[in-house]
Amino acid sequence: MTDVALPAARFRQRPALRRRRTKNAVMTALLLVAVALALGALAWVLVYVGIRGFSVISPSFLTHNPPGNPAAPGGGFFNGIAGSLIVVGIATGIAVPLGVGAAIYVVEYGRGRLRGAIRFFNDVLIGIPTIVTGAFVYAVWVTRFGFSGFAGSIALAVVMLPLVARTTEEMLRLVPTELREGSLALGATRSQTVLRICLPTALPGIITGGMLAVARAMGETAPLLLTVLGNDLFTQLNPLHRMETLSLQIFSNAVTGYEQAQARGWAGALTLIAIVLILTAVARFFGRRVQVENV
Amino acid sequence: MFAAHPLPGREADQVDGLSIDRLSAWFGRHKVVEDMRLRAPSRKVTALIGPSGCGKSTVLRCVNRMHELVPGARVQGGVHFGGVDVYAPDLDAGSVRSEIGMVFQRPNPFPTKSIYENAIIGVRIARTTPRGRLMEIAETALSRAQLWDEVKDRLHKPAVSLSGGQQQRLCIARAIAVDPSLLLMDEPCSALDPIATFKIEELIRAIADRYTVVIVTHNMHQATRVSDYTGFMTIENAGDPGRLVEFGATTQIFGAPVNPATEAYVSGRVG
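Those protein sequences? They're chains R and W, same order as listed.
Note that our numbering gives residue 49 to position 49 of the first sequence, counting from 1, and the numbers run on in steps of one.
Note that our numbering gives residue 83 to position 83 of the second sequence, counting from 1, and the numbers run on in steps of one.
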């Protein structure tokens, strides 16, 4: 020990420390910029839609159909809102059980090739442009049975299925092996373990994934053009007939070129966002309730 | 090579308790246990000690047929409990596992369920008990696991609200509630602090008058504190299968080990 400099001085002499501190500051700044850009874009969309929509939206917007003359003010998107809820509701009823079932098979039962094949096709399905899905349903269903809300539900179910299957799969994978073993060690069968332990443990995540799929389906327009077709002026609640949906209505009103119709389009967009937010909040609330008190 | 030791009490008439004969176990092609022999007498605590990776846990998991759940895992040899072949083809693995309970290394209460639900879930799954008796079963099991007094006023709170040691006792209660005869414990205190460990050890001693207990531990002091018999397992080189080196009364294994490898391990010179 020939060096007798004070410890503090010695620390300050170390260049590595300063370099690391600079690097840390730069990285932190970069990450903050990324966060700001991502959140900023989201906030921009929400605020812009909010401003444009709020000036038009009113209780009567939610309970009336558009006026016969698209240039006229007033009216609302009741038929589209109701149609969206029905079409997406049916699609959810088809996609969620199938998707959750497929995920359970892949995670809890699947072995080898079949499991690999299911995962692969699931990924392919996620990547298919939804207009292609619409064209497919048009070809195999609409050409035989005509345009209908139900045809749209099938198309949306095909869009939702891989999303539900993928998120459920990921959530089931997060369930610790120890819990499965704990259940099996009590003499439970595999199916009892899945139903009583794995699914309840993964439920909040599955619900979130399901709601993402619902949100996605709510906004889908392309596959519905070829299946539901649209029905701007009338209320049609029977899914066996051609219907209106909120997404189609936003589109058809936006492309008219009439100022009043475009204003209704903005209000429709705001309604769409609100519906998705409300549904997500409700689903989360129930998911949490089920978790805490399933006595 | 370690010499095979004759095991105490291997007479054929002693059918109660656990006997493991010439057990070998594999994960895929890798043999992890070879020629394991062990007799764990009824209503006694038998400890399995040995260095990490010597196959202690695998032996335990062969006893209640948890080993076979791992894809590619394989077992050869005999495991009998109370004279019954655990691997008999007409025996369902589920019924084996409800007769032979297991407590794991880390407390694993079911996080979505309450304390009460955790205690009775095994009984609910078996669907043999009328609902009216569930509370009684929960109380008995939680009392035997020495947890009742601490949780009786908050049975419907989530199980994960308990401390680590309480969670582990809940897991013991959960296993006991199914009314097993044999309890396997796989390093049940390795994730716990000394006070929680002490409570579990006390509990193991207390339940030994009712249940046969086999406990895997790498804490030798724990083995001397809780067990009546001890088996020492080891591996010669990394990658070799684990074998039983010596088995005997705990006092003998720790006081007067016969095998030099046992002596080296229990005196703390290796492992």
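No lab work stands behind these hints, which were simulated from the structure alone.
Treat each hint with caution, since some may be false.
Listed next, the stretches of chain W that the computed footprint assigns to chain R, with coverage defined by at least 3 CB atoms under 8 Å from CB atoms of chain R [unchecked claim]:
no.	region
1	158 to 164
2	200 to 212
Calculated from the model, a selection of chain R residues having no Cβ within reach of chain W, i.e. all distances over 10 Å [unchecked claim]:
no.	residue
3	L42
4	R111
5	R196
6	G205
Non-contacting residues of chain W with respect to chain R, defined by C-beta distances greater than 12 Å in every case (computed) [stated by the list, open to error]:
no.	residue
7	D92
8	F110
9	P130
Small disclaimer: the values here were computed from a predicted structure and weren't measured.
Glycine included, every Cβ here is placed at the ideal spot set by N, Cα and C.
Hints, verified against the model:
1. 158 to 164: With 1 residues closer than 8 Å to chain R, the region 158 to 164 of chain W misses the three-residue bar; violated.
2. 200 to 212: n = 0 at 8 Å, threshold three: violated.
3. L42: holds, 32 Å
4. R111: Label violated. Min Cβ-Cβ 7 Å, cutoff 10 Å.
5. R196: violated, 7 Å
6. G205: Given that every Cβ of chain W is farther than 10 Å from that of R/G205, nearest at about 12 Å, it holds.
7. D92: Since the minimum Cβ distance to chain R is about 9 Å, W/D92 lies within 12 Å and the statement is violated.
8. F110: violated, 6 Å
9. P130: holds, 17 Å
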